[in-house]
Amino acid sequence: MSSLWPRIEPLLARVEKPARYIGMERGAQTPVHRPQNVSWLLVYPDTYEIGLPNQGLQILYEILNERVDAAAERAYAPWIDLEVELRARGLPLFSVDTHRAAADFDVIAFNLSAELVFTNVLNLVDLAGVPVRNEDRNATHPIVLAGGHCAFNPEPLAGYVDAFVIGEGEEVVGEITEVVGAWPRAGRVDREALLHELATIPGVYVPAMYDVDYDGAFIREVRPRYADVPERVDKRTVADLGEWPYPKNQLVPLVEVVHDRLNVEVFRGCTRGCRFCQAGMITRPVRERPEEQVRTMVREGLRRTGYDEVALTSLSTADFSGIDRVVADLVTDQEGTGGVSLSLPSLRVDAFTVGLASEIQKVRRTGLTFAPEAGTWRMRQVINKLITEDDLYAAVDAAYSQGWRRVKLYFLTGLPTEVDEDTIGIADLAKHVVDIGKQYSKQASCTVSVGGFVPKPHTPFQWFGQNGVQELRRKIGLLRDATKGTRAQVKWHDAQATYAEGIASRGDRRIGRVIERVWRAGGMFQEWSEHFDLARWLDAMAAEGLDPDWYVTRHRHHDEILPWDHITAGLHKDFLWNDWQASLQAHGLPDCRWTPCYDCGVCTDYALEHVVASPVAPAGGSQGTGQDLSAGGSAPVRFLGRVGTGS
Amino acid sequence: MKGGALFPVRLRYTKRGKVRWISHRDVARAFERALRIEQLPLAFTEGFSPRPKVSFGLALPTGYESDAEYLDLELVSEVDLDTLPAAISDALPSGIDVIGASALDERAPALMDVVTSTEWVVTVVASDGSPLARGALTSTVDDALQMPVLDTTRHRKGREVVEDVRPVISRIDVHRDVEGNDTSCTMELRTQPRSAKPGDVLAAIASATAISGGLAEAGVLRTHQWIERDGARLEPHCADTRPRVLVARDLNKGTPDVRRDHDTGTLAGVAHAAGGTGPEQGN
Ligand code: SF4
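In the order they appear, the protein sequences are chains F and A.
Here the first sequence is numbered in the working numbering, starting from 1 and rising by one per residue.
Here the second sequence is numbered in the working numbering, starting from 1 and rising by one per residue.
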């Protein structure tokens with residue numbers, strides 16, 4: 001169990017960015033491994049720069065290390081140059097904290113935040129020296145675990161990962177630790193028995209405990225193999241974020257990483273109900289962090305890390321009930337300290353939000369980003385992103401008039417019912433935005449960033465047949481033509497990568513062998529365009545006798561058993577289907593925080609409630625729903641007790 | 001800050017152990033955060049995005065260690081220079097330790113412009129990492145220093161450039177232990193008008209002398225930076241500073257800690273040599 005450092009260090013002079021592999025971040029831990037402790041290796045299956053800031057991984061790292069019966073370290077995917085050196089010398093994947101071999105850990109847990117990292121997961125298991133297929137592992141091998149958003153359709157990795165955590169991990173990692181910890185001590189060397197026991201923990205899905213029968217290409221039945229294994233695995237949800245003020249010691253990397261700043265999560269969940277958004281659907285209901293705790297976490301975090309930037313994170317930070325007060329206080333707090341900047345990712349599209357942003361960015365006003373997501377009001381009603389053109393133009397006008405010069409707009413294309421008019425609508429919006437900007441500055445510009453839409457499990461669009469590569473390219477072409485000669489600059493995502501993501505997103509167990517073939521053919525780091533090649537995926541599909549269009553572009557029917565139907569985020573399938581039908585009629589559905597409950601299933605089935613501090617929609621209004629939300633009434637809102645609710 | 005008196009300070013710091021793999025830029029960022037954590041009364045630049053007024057000396061190549069790195073920073077009020085090194089060190093990654101702080105003259109020229117040479121202890125092996133034959137380094141260096149030109153090929157912006165490093169070499173002393181092993185040397189290399197890395201010098205020596213098996217660095221430690229002025233040779237913490245230098249942390253005491261997480265053994269010779277040529281204790 002000794003450190004591999006003496007053997008790794010001589011390789012570092014030959015690789016790019018050697019500091020990726022040394023650990024030593026402020027906040028890093030060097031746990032002492034004792035035989036009676038369960039050791040966890042938390043792995044982010046992409047580069048250090050992308051993986052280090054991941055909050056989920058950092059939270060579990062702290063929670064596990066606080067336990068007396070556990071110890072946790074971290075690992076990231078070594079870049080290709082180091083992997084070649086490691087493999088040439090028979091060296092395995094290692095932790096960055098104490099440079100311990102991955103296979104020496106009891107549990108190797110992967111964070112799955114995107115489908116295209118699946119091939120990296122297989123590669124890292126292999127680099128760890130652990131058999132890639134779970135059926136080939138025995139009692140001497142670590143348990144391979146995975147969690148994160150992509151675990152909500154675990155089936156493509158069912159043959160490779162031993163157990164999945166569905167939903168939030170704060171509580172369940174302790175329960176898993178207890179089960180795994182009892183295992184070797186009880187002298188049980190039967191891996192099957194351990195997996196069986198793990199499968200009885202709420203929120204844990206063990207694919208080997210389920211048989212899948214097919215009816216031709218379709219699934220006939222998914223059946224648990226034991227009576228005490230649940231037919232359907234429900235997600236885990238932390239009821240009160242206020243009880244989990246993590247990370248307490250956010251890691252401060254020595255090299256530059258993405259989101260290189262203090263990040264404080266202000267709430268989880270989102271009930272705006274955007275139908276394309278998996279994150280919003282699977283993290284319901286809304287749970288706000290108490291305002292005072294946000295202030296404390298920001299203040300102490302800045303002091304401890306030395307960062308000069310803090311981001312208040314969530315799926316829509318302007319929706320946080322206390323946002324204006326928190327922002328005002330932070331700005332006052334920081335006056336005269338040489339400038340700490342505050343950023344609010346995921347801005348809402350309205351003038352209130354711009355007001356907040358101007359409060360924050362008092363001096364440097366460079367770029368502001370909005371996500372209208374679709375080009376026409378009809379299309380936005382289909383996807384339930386209820387922003388009117390007036391909302392957008394008012395926000396943009398406010399931004400340019402208050403000194404911003406660059407506005408960035410995010411859109412999706414390839415949405416359900418989309419016609420060319422909707423695509424061209426994106427160009428029309430962008431052109432109008434530039435015109436508004438020109439009234440204020442000659443340098444005003446607008447960047448339009450377009451992504452191809454990939455339907456995701458557990459959303460109303462899970463039945464929708466994705467646009468193929470040609471169709472997406474045609475639409476991007478239309479958009480480029482329509483913006484030619486204007487100051488709107490279009491950027492788009494590779495339609496081929498979107499297609500591969502479609503294979504993995506709604507794949508079933510048969511896609512596992514496809515992923516394995518892509519990996520064996522050298523397809524690693526598939527999120528990196530220089531390493532991505534759709535041909536590998538199509539070849540692998542052909543070799544497995546699978547039709548890619550059946551997985552990607554086919555509309556699913558109502559009666560079909562979807563590969564993830566035995567996993568649930570609490571949303572009733574009926575609710576999702578009805579919402580899908582409503583979307584096809586371009587019917588919008590307002591936010592259930594401030595209107596009556598639609599009984600999607602999450603609150604009612606899990607005895608959860610929205611935890612928000614305000615019973616009314618935030619200042620700035622309805623985000624253009626055009627609907628009177630004041631008559632909300634019986635929303636299941638729990639008020640946070642606040643001292644002196646003077647505001 | 002115009003008008004207000006400034007208190008410029010020069011810090012000497014180390015870069016030892018695992019942390020040697022971070023870049024010069026990363027070191028600068030780590031210092032910026034450490035200075036904020038310690039809430040020092042920093043002076044800031046004017047303009048849209050104020051930055052603390054900190055200026056670093058010559059960059060240390062990533063992967064090299066050092067006991068003699070310097071930076072200058074400006075404060076808006078006086079601080080206790082006795083406690084400053086330990087306080088900043090606590091907020092820095094382990095291996096980067098501030099070992100001295102001196103009050104700097106207000107009009108001191110930039111470190112980058114005044115340092116004339118740097119001194120290194122270099123552990124040398126063959127290109128494949130195997131140890132050199134006894135006596136090989138001594139004779140190779142002797143031969144090389146007789147030559148008027150020592151060319152080395154460097155890659156610069158995708159092009160190959162041939163450079164003569166002979167003018168850069170001020171001296172090279174090969175170390176010899178009691179058993180006659182000669183696996184390391186001290187190099188003093190000029191930084192003006194051009195400089196070269198110890199690795200480039202080794203490469204030039206290897207190619208000029210055509211030593212079989214080649215030469216490669218197994219560990220490089222910067223031990224000094226020198227400012228030559230009016231015939232005297234000063235370390236930066238003694239130049240342009242008020243006559244008071246503090247070495248807050250005893251290097252020879254601090255070093256074993258660093259060694260422990262860095263037990264490759266490759267630098268053992270360096271550590272030994274560094275003990276002998278430790279930092280000037282000032283006056
Ligand atoms: S159960 Fe009702 S209130 Fe809760 S998230 Fe679903 S629709 Fe909203």
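Calculated directly from the structure, the hints in this document are not laboratory data.
The structure presented is a predicted model; accordingly, all values stated were derived computationally and were not measured.
It cannot be assumed that every hint is accurate.
What the hints assert, rightly or not - Computed list of lysine to aspartate or glutamate pairs in DMTMM-like fashion (alpha-carbon distance at most 25 Å, straight line):
1. F:17 x A:160
2. A:157 x F:16
3. A:157 x F:471
4. A:53 x F:333
5. F:17 x A:38
6. F:248 x A:32
7. A:53 x F:260
8. A:53 x A:90
9. F:17 x A:26
10. F:248 x A:38
11. F:438 x F:359
12. F:17 x A:128
Claimed, not checked - From the derived model, a few chain A residues whose C-beta atoms are all more than 12 Å from chain F:
13. 21
14. 23
15. 26
16. 49
17. 51
18. 78
19. 83
20. 94
21. 134
22. 159
23. 209
24. 213
For each residue, glycine too, the CB sits at the ideal point set by N, CA and C.
Among the hints numbered above, which are violated by the structure, and what are their numbers in rising order? 3, 5, 13, 14, 15, 16, 17 and 20
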